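Protein chains: 2
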Amino acid sequence: MDGAGKLLGLGVGPGDPELLTIKAARLLRGAQVVAWFAKSGKTGHARRIADGYLAPDAEELRFTYPYTTEFPKRSDEYRDAMAAFYDDAAERIAAALDDRRDVALLCEGDPLFYGSFMYMHDRLAARYAIEIVPGVTAMAACWSRAGLPMTRGDDCLSVLAGTLDEDTLARRLKSADAAVIMKVGRHLGKVRRALDRAGLSDRAVYVENGSTPDERIVRLPDMPTDDSPYFSLVLVPTGRATS
Amino acid sequence: MDGAGKLLGLGVGPGDPELLTIKAARLLRGAQVVAWFAKSGKTGHARRIADGYLAPDAEELRFTYPYTTEFPKRSDEYRDAMAAFYDDAAERIAAALDDRRDVALLCEGDPLFYGSFMYMHDRLAARYAIEIVPGVTAMAACWSRAGLPMTRGDDCLSVLAGTLDEDTLARRLKSADAAVIMKVGRHLGKVRRALDRAGLSDRAVYVENGSTPDERIVRLPDMPTDDSPYFSLVLVPTGRATS
Numbered sequence: 058m059d060g061a062g063k064l065l066g067l068g069v070g071p072g073d074p075e076l077l078t079i080k081a082a083r084l085l086r087g088a089q090v091v092a093w094f095a096k097s098g099k100t101g102h103a104r105r106i107a108d109g110y111l112a113p114d115a116e117e118l119r120f121t122y123p124y125t126t127e128f129p130k131r132s133d134e135y136r137d138a139m140a141a142f143y144d145d146a147a148e149r150i151a152a153a154l155d156d157r158r159d160v161a162l163l164c165e166g167d168p169l170f171y172g173s174f175m176y177m178h179d180r181l182a183a184r185y186a187i188e189i190v191p192g193v194t195a196m197a198a199c200w201s202r203a204g205l206p207m208t209r210g211d212d213c214l215s216v217l218a219g220t221l222d223e224d225t226l227a228r229r230l231k232s233a234d235a236a237v238i239m240k241v242g243r244h245l246g247k248v249r250r251a252l253d254r255a256g257l258s259d260r261a262v263y264v265e266n267g268s269t270p271d272e273r274i275v276r277l278p279d280m281p282t283d284d285s286p287y288f289s290l291v292l293v294p295t296g297r298a299t300s
Numbered sequence: 058m059d060g061a062g063k064l065l066g067l068g069v070g071p072g073d074p075e076l077l078t079i080k081a082a083r084l085l086r087g088a089q090v091v092a093w094f095a096k097s098g099k100t101g102h103a104r105r106i107a108d109g110y111l112a113p114d115a116e117e118l119r120f121t122y123p124y125t126t127e128f129p130k131r132s133d134e135y136r137d138a139m140a141a142f143y144d145d146a147a148e149r150i151a152a153a154l155d156d157r158r159d160v161a162l163l164c165e166g167d168p169l170f171y172g173s174f175m176y177m178h179d180r181l182a183a184r185y186a187i188e189i190v191p192g193v194t195a196m197a198a199c200w201s202r203a204g205l206p207m208t209r210g211d212d213c214l215s216v217l218a219g220t221l222d223e224d225t226l227a228r229r230l231k232s233a234d235a236a237v238i239m240k241v242g243r244h245l246g247k248v249r250r251a252l253d254r255a256g257l258s259d260r261a262v263y264v265e266n267g268s269t270p271d272e273r274i275v276r277l278p279d280m281p282t283d284d285s286p287y288f289s290l291v292l293v294p295t296g297r298a299t300s
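First to last, the protein sequences are chains A and B. The first sequence begins at 58 in this note's numbering and counts up one residue at a time. The second sequence begins at 58 in this note's numbering and counts up one residue at a time.
Mixed in with the good hints there might be a few duds.
Mimicking DSBU-like on lysine-lysine, the simulated pairs with C-alpha atoms at most 35 Å apart in a straight line are [said to hold, decoys possible]:
1. B:K240 - A:K240
2. B:K231 - A:K247
3. A:K231 - B:K231
4. B:K231 - A:K240
5. A:K63 - B:K240
6. B:K240 - A:K231
7. B:K99 - B:K240
Hint data in this document are derived by calculation from the structure and do not stem from the laboratory. All values derive from a computational prediction rather than experimental measurement.
Just chain A, same shape as in the assembly:
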């Protein structure tokens, strides 16, 4: 729309507020409207990271995910509820843009890497100007904190979701030079078994809440339980020796 505001997709990084980019911080300080996704009853990870950067008079748009345990995942009901939720969020953003205000949408990590921002991009990119500011990913923060050289030379890095079934995980891990398993959470037991089958458990490192005060880093074989929070991942660095 002519004269409409611009949608800013701002990567706010993995958790430490100092891991915002200078560009994201600048755009955030100037934003008239700041939007963010969060689970019901939670502050929202992206909103918490961005806390020190919002203009005092910024209007906030909170989008609270509808899903709880009501719908089995992958069901039609779940998909329909999520689509309706994203449709509604996009229309609330569009209303602000039509009102000639810029909207900064906060994205933990990087906006286009497993982020809800993508569902807004899908719905709004044809109608409005969008600027995307990349962010430091959770995986990069975690391997930095753990001090793990991940990929060298012509190594391949496989980024996998812990939500995959065990056979798929094991098969993909077997062909990986180096791997990151995201979205570990309550899937840690399965992730362990898949790593065992791929012969990679000895190289695996578990990280939860990377770059935050609650950070925990431990070799996966030394992790005593399968009880892990949502913000956890497993890193498998390259087995290639140094030059």
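Starting from the structure of chain A, add chain B where the hints point.
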């Protein structure tokens, strides 16, 4: 060593100086010694990105890669020359650390993701304190600039090196949900053929010099030549539809 300086591995991001993190900029401004790798005759990408952040009195340590076309890659001579080069760079850093000065080593993108920093980490981590600051990767900058939603839900991302042989590239691409091919440079013709064999050419986007004034973004099928610079990559976003 007791009382020795600390080695800082600072990710300076993909090219735009505003894509440094606030943390990397802060540590860089305070660094007494700033080290960086560069090819012979070039300023060095990381050094150019960091230019506005160095303290006026910072001492600079430049490490110039020895390789040219003298050694065929993968030869013993090449490997030995690189190992000797990294040994020497590590000892020059160690001398400054022993002198109780902190050394900031500039790393384009992220330090532990295909970076020369890893070879310093390998040589120095047992002897000195090291702090690593993650950075925005070139791939994240490129997919942000191209506006490509890369991975959704339980998609896998495969990060591949364009230096791999065509059969390996084609095989890995066939099993990828989404992919990034790094280090494209003079391998673009081979990368095109591998993408064709995997049936992914229509989704592929070519980006060179992402986030810099020389940026070029084009659908790979519309890229008229195979003449591409070192800082180029190919993105294959997920084929999964939106929710």
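Results of checking the hints against the structure:
With a C-alpha separation of about 28 Å, the suggested pairing of B:K240 with A:K240 holds against the 35 Å cut-off. Using a Cα cut-off of 35 Å, the hinted pair B:K231 and A:K247 holds, with the two alpha carbons roughly 25 Å apart. The straight-line distance between the Cα atoms of A:K231 and B:K231 is roughly 16 Å, inside the 35 Å bound, and the hint therefore holds. The hinted pair formed by B:K231 and A:K240 meets the criterion: a straight-line CA distance of about 24 Å does not exceed 35 Å.
Between A:K63 and B:K240, the direct Cα distance comes to roughly 33 Å. Compliance with the 35 Å bound is thereby established for this hinted pair. Restraint check for B:K240 and A:K231: satisfied, since their Cα atoms lie roughly 24 Å apart, inside the 35 Å limit. With a CA separation close to 18 Å, the supplied pair B:K99 and B:K240 stays within the 35 Å bound.
Checked against the numbered hints given earlier, the structure satisfies every one of them.
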